[in-house]
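So the sequences go chain by chain: Z and C. Under the working numbering, the first residue of the first sequence is numbered 13, with each subsequent residue one higher. Under the working numbering, the first residue of the second sequence is numbered 13, with each subsequent residue one higher.
Please note that a few of the clues may not be correct.
In silico lysine-lysine, DSS-like type, Cα no more than 27 Å apart, as pairs [claimed, not checked]: (1) Z:K56 <-> Z:K29; (2) C:K207 <-> Z:K120; (3) Z:K22 <-> C:K134; (4) C:K120 <-> Z:K14; (5) C:K56 <-> Z:K22; (6) C:K120 <-> Z:K250; (7) Z:K56 <-> C:K330; (8) Z:K134 <-> C:K22; (9) C:K22 <-> Z:K120; (10) Z:K29 <-> C:K134; (11) Z:K301 <-> Z:K228; (12) C:K274 <-> C:K207; (13) C:K56 <-> Z:K228; (14) C:K207 <-> C:K120; (15) Z:K250 <-> Z:K322; (16) C:K330 <-> Z:K120; (17) Z:K228 <-> Z:K56; (18) Z:K22 <-> Z:K250; (19) C:K56 <-> Z:K134; (20) Z:K29 <-> C:K120; (21) C:K250 <-> C:K330; (22) Z:K134 <-> C:K29; (23) Z:K274 <-> Z:K228; (24) Z:K320 <-> Z:K56; (25) Z:K228 <-> Z:K134; (26) C:K207 <-> Z:K56; (27) Z:K250 <-> Z:K207; (28) C:K228 <-> Z:K120; (29) Z:K14 <-> Z:K250; (30) C:K134 <-> Z:K56; (31) Z:K134 <-> Z:K120; (32) Z:K301 <-> Z:K22.
Since the hints were derived computationally from the structure, they do not count as laboratory data.
There are 2 protein chains.
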Amino acid sequence: VKVSEIGEFKLVDLISKIVNSTRTTDVPWQNLLTGIGDDCAAWKGDTSIQLATVDALVEGIHFNFDFCTWEDLGWKALAINLSDIAAMGGVPRYALVSLGIPGDTDIKNVTAFYRGFTRCAKQFATAVVGGDTDAVPRVSATVTVLGSMGEQVNLLARGNARPGDLIAVTGCPGTAAAGFRMLTRGINMGKTASKQLSQAFLRPLPRIAEGQILVKTGVRSGIDISDGLLSDLRHICKASHTGAVINAENLPINNSVARYFKEDAVSLALSGGEDYELLFTAPPEIMLKAERQLACPVTVIGTITREKGKIFVSYNGKRLEPQVEGWEHFKSK
Amino acid sequence: VKVSEIGEFKLVDLISKIVNSTRTTDVPWQNLLTGIGDDCAAWKGDTSIQLATVDALVEGIHFNFDFCTWEDLGWKALAINLSDIAAMGGVPRYALVSLGIPGDTDIKNVTAFYRGFTRCAKQFATAVVGGDTDAVPRVSATVTVLGSMGEQVNLLARGNARPGDLIAVTGCPGTAAAGFRMLTRGINMGKTASKQLSQAFLRPLPRIAEGQILVKTGVRSGIDISDGLLSDLRHICKASHTGAVINAENLPINNSVARYFKEDAVSLALSGGEDYELLFTAPPEIMLKAERQLACPVTVIGTITREKGKIFVSYNGKRLEPQVEGWEHFKSK
């Protein structure tokens, strides 16, 4: 059986099973809180919970240099990993990068990559402490970020959603995917709109402060919507043994996306991916507190239900069960 | 200027300069002990020194499936990172792996990869806690290992060698390179020799226990010889502002390597690379203690000198200044 036949998510399940079958009584395993299958790995450190995440960007798969500069790449390679720390409610601390580049790469491009990477690191108070370089035919950047929960003893975990929880999202999902479509299809729009959309795709801002506020407010269930809102909601429902209903009319749509992508806007918001916004669930009273505490736009878009694995979208008075849900490696759709 | 024109080591210097120019007063930077340029990054954790390292294996660059099985690859991808923890004298704790594979990869190969990876993890008491999978044309495994110095407050650092220190090496350098040559050139030898040499290349054993013993014994300067003995000795000399003399007659050569590679044995030992043995330096009295404490073969092979950057090899009564020194990405030799 080929990997492309089972798809990324089943592959991760398989890997998770193999790895968990090899657990031992050694200290690191005993201290582990969350292994493969959440945004970050998490374990009990000496005095606080420690977090670690790794994510790669590969030329031709996740980006290409037709529209992405080396500086964009550096920024994004770090930002998507910081977003995983944000999705646990953690504080990022240290970053390592394994950079694969062809031998004929100009060193000014390498410099631009690290300019983008270190700017992002600076903005989110992360120290760049190590790495590795390799000569490879296609550019790839594999980044590890280590973080901590500080004084917090709870995580934004995927498995903590409960029936009756409200579902909310930060920012405007679909904006990054609209930016990608604009860049790849050469869609013309006003300067401001164009900048906003390309920034959303090329220079995502991880919701670091927001994730920490959510944890402090008592929110226990969250994820970043890098795979697409529905796809990541499915991760939450699966880990929490619940279902969900999304009210598509409530989805917050960026003005420029609404204007230039009209009917596609809702589908971009549901399945676009690459937004690095936070999707989280909480009982109504905690949700109210979270909405008050967060400085960024936050919108309640649905409810967690008891129907295991069932995700419905209510739209134009209809209740739909969506099929195509978002980004997945390997599987053709 | 192209990366291939400056080579890997100058590229790392360049990256190190860019990154260090962006240091801030943020907590992670303040706690940092060792950034880019040693075997691991190291920083002050809440109660002990924390370590992190990342290293990638790429198909066609570091291995190919003509002689390397998927299980070998899994083992080695983790082992080479554990070796970086060993080279600081640390205790490995957690591993994350970013695995890039083509979509048409059979899942039994993925299973074999994780079998090798988790076996190595188990043997060295490391928990496999996270990762990432990507669809890419060529197989690559980028591994991060996190570790700790436990109760130790000193590291095996590259910059701590002092003139007058003796230089020693564990095991028999050149064995892995001989194994690689045997596998790629199809050299016939006895079953035992063949197994020993291929294991040295495909299933290296990181010197985890040995690194910890060295630190406890008071050794402060060390590195693993993954790039080749001379090349890694140069890293030590550069960071310590010293020179070195190696007595080639003293180099410990594996019996099978001596038998099947005769005159090449010394050059394999000096420049072969991929051995994952430890090279370390210490004043004579500490070296004596270290030799007594270590259970593995350990051989004194030279002395650290005052002549900055000068590395000499004494061989057959001659004092040579070697040119080709070992593995380096990007640069053609």
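Here is how each hint holds up against the structure:
With a C-alpha separation of about 22 Å, the suggested pairing of Z:K56 with Z:K29 holds against the 27 Å cut-off. Between C:K207 and Z:K120 the CA atoms are separated by roughly 46 Å; this puts the pair beyond 27 Å, and the hint is violated. Straight-line distance between C-alpha atoms of Z:K22 and C:K134 comes to about 24 Å, which keeps the hinted pair within the 27 Å bound. With a C-alpha separation of about 9 Å, the suggested pairing of C:K120 with Z:K14 holds against the 27 Å cut-off.
Only pairs whose Cα atoms come within 27 Å are accepted, and C:K56 paired with Z:K22 is rejected, the gap being roughly 39 Å. As the CA atoms of C:K120 and Z:K250 are separated by approximately 25 Å, the hinted pair is consistent with the 27 Å bound. As the CA atoms of Z:K56 and C:K330 are separated by approximately 56 Å, the hinted pair breaks the 27 Å bound. A hinted pair counts as satisfied when its Cα atoms are at most 27 Å apart, and Z:K134 with C:K22 qualifies at roughly 24 Å.
Under the criterion of a C-alpha separation no larger than 27 Å, the hint pairing C:K22 with Z:K120 is consistent with the structure, at around 14 Å. A threshold of 27 Å between alpha carbons decides the hint, and for Z:K29 with C:K134 the separation of about 15 Å falls inside it, so the pair holds. Proximity of Z:K301 to Z:K228 is assessed by CA-CA distance (about 10 Å); at most 27 Å being required, the pair is judged to hold. With a CA separation close to 19 Å, the supplied pair C:K274 and C:K207 stays within the 27 Å bound.
Restraint check: the Cα-Cα separation between C:K56 and Z:K228 comes to about 26 Å, which is no more than 27 Å; the hinted pair holds. Between C:K207 and C:K120 the alpha-carbon distance is near 24 Å, which keeps this suggested pair within the 27 Å criterion. Proposed proximity of Z:K250 and Z:K322 is supported: the alpha carbons are some 9 Å apart, at most 27 Å. For the hint pairing C:K330 with Z:K120, the CA-to-CA distance comes to about 43 Å; that exceeds 27 Å, so the pair is violated.
Between the alpha carbons of Z:K228 and Z:K56 the distance comes to roughly 18 Å, so the proposed pair stays at or under 27 Å and holds. This hinted pair checks out: Z:K22 and Z:K250 have alpha carbons roughly 12 Å apart, not beyond 27 Å. A C-alpha spacing of about 20 Å is found between C:K56 and Z:K134, which places the hinted pair at or below 27 Å, so the restraint holds. At most 27 Å may separate the alpha-carbon atoms for a hinted pair to count; Z:K29 and C:K120 meet this at roughly 14 Å.
Between the alpha carbons of C:K250 and C:K330 the distance comes to roughly 24 Å, so the proposed pair stays at or under 27 Å and holds. Only pairs whose Cα atoms come within 27 Å are accepted, and Z:K134 paired with C:K29 is accepted, the gap being roughly 15 Å. As the CA atoms of Z:K274 and Z:K228 are separated by approximately 37 Å, the hinted pair breaks the 27 Å bound. Between Z:K320 and Z:K56 the alpha-carbon distance is near 30 Å, which puts this suggested pair outside the 27 Å criterion.
The hinted pair formed by Z:K228 and Z:K134 meets the criterion: a straight-line CA distance of about 24 Å does not exceed 27 Å. The straight-line distance between the Cα atoms of C:K207 and Z:K56 is roughly 41 Å, outside the 27 Å bound, and the hint therefore fails. Under the criterion of a C-alpha separation no larger than 27 Å, the hint pairing Z:K250 with Z:K207 is inconsistent with the structure, at around 36 Å. Taking the CA atoms of C:K228 and Z:K120, the gap is about 44 Å. The hint is violated against a cut of 27 Å.
The hinted pair formed by Z:K14 and Z:K250 meets the criterion: a straight-line CA distance of about 24 Å does not exceed 27 Å. Using a Cα cut-off of 27 Å, the hinted pair C:K134 and Z:K56 holds, with the two alpha carbons roughly 20 Å apart. For the suggested pair Z:K134 and Z:K120, the alpha carbons sit about 21 Å apart, so the restraint of at most 27 Å is met. With a CA separation close to 36 Å, the supplied pair Z:K301 and Z:K22 exceeds the 27 Å bound.
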